[in-house]
Amino acid sequence: MNVKETISRICPSVSFEEGECLLVVVPETDWYPLAKQLKENPDLDFDVLSAVVGMDWKDSLGVVYYLTSTSHNWEMISVKVAVTDRENPMIHSVSDLWKVANFQEREVFDFYGIKFINHPDMRRMFLRNDWKGFPLRKDYDANPALNPIPVDDEKHEDETVKYVEDADGNVKEVRGKVFEENDYVVNIGPQHPSTHGVMRFRASLDGEVIKKVDVVSGYIHRGIEKLCESLGYPQILHFTDRMDYMSAHQNRHCLCMCIEKAMGIVVPERAQVIRTMMDELMRISSHLLSFGCTAMDLGATTAFFYGFREREMVLDIFEKTCGARMSMNYNVIGGVMADLHPDFVKDVKALIEIMPERLKEYHTVFTGNIIAQNRLKGVGMLSKEDAINYDITGPSGRGSNWSNDCRKKHPYAAYDRVEFDEVLETGCDSFARYMVRMREIEQSCRILAQLVDNIPEGDIRAQVPKVVKLPAGHWYAQVEASRGTFGVYIESDGSKNPYRVHFQSPCFNLIGVMDLTCTGHMIADLITIGAALDFVIPDIDR
Amino acid sequence: MAVNIKSMKREDFKDNEYIDALVEELNATGANVAVGKLDQLINWGISNSLWPLCFGTSCCAIEFMCLGAARYDMARFGFEVARNSPRQADYIMVQGTIVHKMAPALVRLYEQLAEPKYVIACGGCAVSGGPFKKSYCVVDGVDKIIPVDVYIPGCPPRPEAMFYGLMQLQRKIKVQKFFGGVNRQQKIQDFFRQHPEDAGEY
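Chains A and B, in that order, give the protein sequences.
Counting in numbering that gives the first Met the number 0, the first sequence runs from 0 upward without gaps.
Counting in numbering that gives the first Met the number 0, the second sequence runs from 0 upward without gaps.
It is possible that part of the hints are untrue.
Stretches of chain B that chain A covers, calculated by requiring three or more beta carbons in the stretch to come under 8 Å of a beta carbon on chain A [claimed, not checked]:
| id | stretch |
| --- | --- |
| 1 | 61–74 |
| 2 | 90–104 |
| 3 | 122–136 |
| 4 | 145–157 |
These aren't lab readings, by the way, just hints derived from the structure by calculation.
By construction, the Cβ of each residue, glycine as well, lies at the ideal position given by its N, Cα and C atoms.
Excised from the complex, chain A in its bound form:
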């Protein structure tokens, strides 16, 4: 049955807007019942909440939700909910339906001050709890005197608040604590070598066993989304390289794709193939780093050197063509920045020739090791249902046997003309996630081998107007980054600056399952679970 008809039958008060995907505008009072139907009605079955985008439309504040149905051919719809009250905006939380909304809604609260009714833990996500104002609102006062550089630690970080609605519809504020009074809480981070950046966890323990993990994020929150609103489209591209720096090409590819989609630019074939190859090289480099770091977190320093040896080969390829080892700034609107280096084909062939042998070496050095096996197998269990509910995409989700590869579901660039397998593992544990990464390196090599001799001749970028302007409207694009599905949402009012840019990062969802996967395990396993989930902190905080 048609999705549109079903929705209007369930909830007659909605209105529809046609766009790249169906947009459902629903009044706030009807949002929660509709959400429940969207999730649970078998005709709709939107089981994945792909993105939650907070918005300030000046006359109203609101949220745009992007929902995907895995059973209905990965069809996507968006839902818009808005409230006009700027002083005390409130929207019903859907965090009990889609668990991924828990952190996503906290982010919206942090940026826009929208309170979510019945949300279990309405604290700020990235900014300190003494921050004044909501930075992504259009009327935010950016005066540095209001929020000077702090000199002391955050106070009252244990306190949390809930907005609970009773049967009569009255909303009451309920204060509570994150941990119970007699909990023994161990602090990990923000400066800790095994958190892969400045992430902070607070774990309450029963002996050595973890009872609860509280994730404290925001130690590298740079406000990229707000910065984007004051810059032109070509100027915002470089931020994507600096979010998940291990998926720099893919992230930038996604933003370029979203802008190209909005402007109707057709990217030349040569650029499409180059982009695909760069994405796969980036994936290899990322998974090699992940291998090295997982090994190092377990104390196996030697394996780290092996992983980095091959990673340098990839970096050399990047350096020759893009001019930099990291933060390559290679994709541009309409194509790529520069043509391939004459050595490119030779270097890529050399890489894919040695990789199978080197992978065997990694497995000899590390994978088969009894310590590695004991510390990865059966640890950090994440069922397929939870992976879908928490929207854990990428290698971590595929380790739970959830087929979610964006390259297969919504093919883009040159992925529709290459043969590769989507790597799936059934283990659901840390070891399965680790193995997915190792096997994905093989698949990336396979894609590269098919393309390396078939790079079409032609232009490397399309003709793009000097001043890039998008028509009024909004767009959402997705790519498969090294750690999962990376999404970009752009809303334009027709000027040369975006009205709103939102980056839906895969790593942000990964930290959402830290509590779920770590509870019941030893404190030492928190490190290996984190290593196997393989999050990159600047991608979480943005």
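Got chain A sorted already, so can you dock chain B onto it with the hints?
Showing chain B alone in chain A's frame:
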């Protein structure tokens, strides 16, 4: 007294002026022969076993890991013992953006380092805020909150650039006065005179 390192020739470095100024300052105050020799010995030791604190917030940290791996191998210079505790480290190499929420933690880590301690601002973000300078919650340059010895520009700096910066720090240490000197104490006091809000116990 001058900076004379066998493997690091003067002409290999571009900015020798500030080292010359430091040498001049050192010579002007005059040094006792015995103390001067002891100074040289100690500075030789410190400069060849500089232990960094693992402190990476973003991309620069990955390049720093490349420094530790086999190709660049920072063990050649004595930098390889990256410590996780500030109590055991000699310097902080700030790799990445420092935001408002992180600032108190960085200041505390700096305070926890034992003297003599040094700071390297590595990468555009740590030097000046880099591409995020105009953000609402980014500290535009770590020198706003802690004193910096060496700046390494780049986004992120190449491993070679990081070595250049680290070698500059070594050269700088060669001309510091360990005994009876006021270099570092003076510097800290000067810093907190300029930033009275951070003075605290000083």
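Here is how each hint holds up against the structure:
| no. | hint | in the structure |
| --- | --- | --- |
| 1 | 61–74 | holds (count 7) |
| 2 | 90–104 | holds (count 9) |
| 3 | 122–136 | holds (count 6) |
| 4 | 145–157 | holds (count 3) |
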